[in-house]
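Novice: From first to last, the protein sequence lines stand for chains A and B.
Quick note: to get the numbering used here, add 118 to the position in the first sequence (first position is 1).
Quick note: to get the numbering used here, add 118 to the position in the second sequence (first position is 1).
Just so you know, not all the hints are guaranteed correct.
A pair counts as met if it fits within one copy or between any two copies, since identical chains are not told apart.
[Unchecked claim] Calculated cross-link-like contacts (lysine to aspartate or glutamate; reagent style EDC-like; alpha-carbon spacing at most 20 Å):
#, residue 1, residue 2
1, Lys139, Glu211
2, Lys217, Asp237
3, Lys217, Glu128
4, Lys277, Glu254
5, Lys282, Asp300
6, Lys242, Asp168
7, Lys139, Asp206
8, Lys282, Asp152
Don't read these hints as lab results, they were simulated from the structure.
Number of protein chains: 2
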Amino acid sequence: MSRSLDFLTEALRRLPGIGPKSAQRMAFHLLQHDREGAAMLSRALYQAVDTVHHCAMCNTFSDTEVCELCADESRERALLCVVETPADQMMIEQTLTYKGLYFVLMGRLSPLDGIGPRDLHLDKLVGRASDGVVEEVVLATNFTNEGEATAHYISEMLKARGLKVSRLARGVPVGGELEYVDAGTIARAMLDRRSA
Amino acid sequence: MSRSLDFLTEALRRLPGIGPKSAQRMAFHLLQHDREGAAMLSRALYQAVDTVHHCAMCNTFSDTEVCELCADESRERALLCVVETPADQMMIEQTLTYKGLYFVLMGRLSPLDGIGPRDLHLDKLVGRASDGVVEEVVLATNFTNEGEATAHYISEMLKARGLKVSRLARGVPVGGELEYVDAGTIARAMLDRRSA
Numbered sequence: 119m120s121r122s123l124d125f126l127t128e129a130l131r132r133l134p135g136i137g138p139k140s141a142q143r144m145a146f147h148l149l150q151h152d153r154e155g156a157a158m159l160s161r162a163l164y165q166a167v168d169t170v171h172h173c174a175m176c177n178t179f180s181d182t183e184v185c186e187l188c189a190d191e192s193r194e195r196a197l198l199c200v201v202e203t204p205a206d207q208m209m210i211e212q213t214l215t216y217k218g219l220y221f222v223l224m225g226r227l228s229p230l231d232g233i234g235p236r237d238l239h240l241d242k243l244v245g246r247a248s249d250g251v252v253e254e255v256v257l258a259t260n261f262t263n264e265g266e267a268t269a270h271y272i273s274e275m276l277k278a279r280g281l282k283v284s285r286l287a288r289g290v291p292v293g294g295e296l297e298y299v300d301a302g303t304i305a306r307a308m309l310d311r312r313s314a
Numbered sequence: 119m120s121r122s123l124d125f126l127t128e129a130l131r132r133l134p135g136i137g138p139k140s141a142q143r144m145a146f147h148l149l150q151h152d153r154e155g156a157a158m159l160s161r162a163l164y165q166a167v168d169t170v171h172h173c174a175m176c177n178t179f180s181d182t183e184v185c186e187l188c189a190d191e192s193r194e195r196a197l198l199c200v201v202e203t204p205a206d207q208m209m210i211e212q213t214l215t216y217k218g219l220y221f222v223l224m225g226r227l228s229p230l231d232g233i234g235p236r237d238l239h240l241d242k243l244v245g246r247a248s249d250g251v252v253e254e255v256v257l258a259t260n261f262t263n264e265g266e267a268t269a270h271y272i273s274e275m276l277k278a279r280g281l282k283v284s285r286l287a288r289g290v291p292v293g294g295e296l297e298y299v300d301a302g303t304i305a306r307a308m309l310d311r312r313s314a
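So here's chain A without its partners, still in its complex pose:
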């Protein structure tokens, strides 16, 4: 067989969730049916590794020192929303309900995976939130065990520095039928009920 093909198959296995069979199938497909796509992917990888950094303000991926969103003068600078990933940030942006700035953790606290406060660079978040302009930090980490633990840890840390900290509301999802919503969510919605 071909050495270059073996090397390509091996390299494709570095992609998350891709095993030996999938890697081989991808390599065959690219070489047989889409060499243009392979060349394009090669360039895209090279360019991304070369130019993508972390925004100095919000820590998300950016080609520039400060990302477009952080540089946008029309955003409310007193509000800082903490999310786990750029994908989460995009979801919130799509709701059009938030006009403040963000801080992207690029992960979550996960002791089982050996990710502690230092690995998440939480000191960067503390520095960002303590700039004297930020008044409220909205924690929008996931509502998983790890996301909740991360929110709790950050909350304690920022409250100790006198910052106002809030968390996304929990409750029954829009369109949710009680019969099919889990008991934990309903219990939470009952405790957090608000006047109608």
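Here the structure of chain A is known, so what remains is to put chain B in place on it, guided by the hints.
Specialist: Structure of chain B alone, referenced to chain A:
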């Protein structure tokens, strides 16, 4: 967000079976946790596109004009085994039961996908099998509808040129329990039964 990241996400979607969510997850993973892997994959793709050709004899992927297996003087040159893909060829090699040469179709006849005899370059196979040295062609395409149709088509074509053509035996798989083997396979095994 980052333009380079968008370009990378777009390029990753050229991989077979990768949708927008997976592409985004892969891009984040590479940039956050495995930039070395991303750079390696970039090089591997570039190198593969640049150096991988089709073997002049067997049509499989090869870095050289004629692949190692075809150049191997110890193989029986009177036997030619036709397979659909390099992966199929590797499976047969692993059995250590075949010492002849191969011809790799790099696909199968599939009218629904618009793949006819011309798209498969069957003329190349005819030329290869008619070199005066090949005595028997063993058809080892898959036992799917498309693989069977491909085998039938090639068989007719080569027999018309006076070549001996055979097909891998069908029957109950090794370790197969009749109770769990499909009726079609058992029927075939009954018809093709051999003296014990």
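Novice: Take the hints in turn and mark each one as holding or not.
Specialist: Each hint, compared with the structure:
1. Taking identical chains as interchangeable, the C-alpha atoms of Lys139 and Glu211 lie at most 20 Å apart only when they sit on different chains, with a minimum of 17 Å there against 37 Å within one chain.
2. Proximity of Lys217 to Asp237 under the C-alpha cut-off of 20 Å is found in neither arrangement, the shortest distances being 29 Å within a copy and 55 Å between copies.
3. Taking the shortest alpha-carbon separations for Lys217 and Glu128, neither the intra-copy value of 44 Å nor the inter-copy value of 28 Å comes in at or below 20 Å.
4. In the homo-oligomer, the alpha carbons of Lys277 and Glu254 lie at most 20 Å apart inside one protomer (10 Å), although the nearest pairing across protomers, at 81 Å, exceeds that limit.
5. For the identical chains of this complex, Lys282 and Asp300 are neighbours neither inside a copy (31 Å) nor across copies (67 Å), given an alpha-carbon limit of 20 Å.
6. In this homomeric assembly, Lys242 and Asp168 never come within 20 Å of each other (Cα to Cα): the closest approach is 23 Å inside a single copy and 43 Å across copies.
7. Taking CA atoms no more than 20 Å apart as the test, Lys139 paired with Asp206 passes between copies only; the shortest distance there is 12 Å, against 31 Å inside one copy.
8. Taking the shortest alpha-carbon separations for Lys282 and Asp152, neither the intra-copy value of 53 Å nor the inter-copy value of 36 Å comes in at or below 20 Å.
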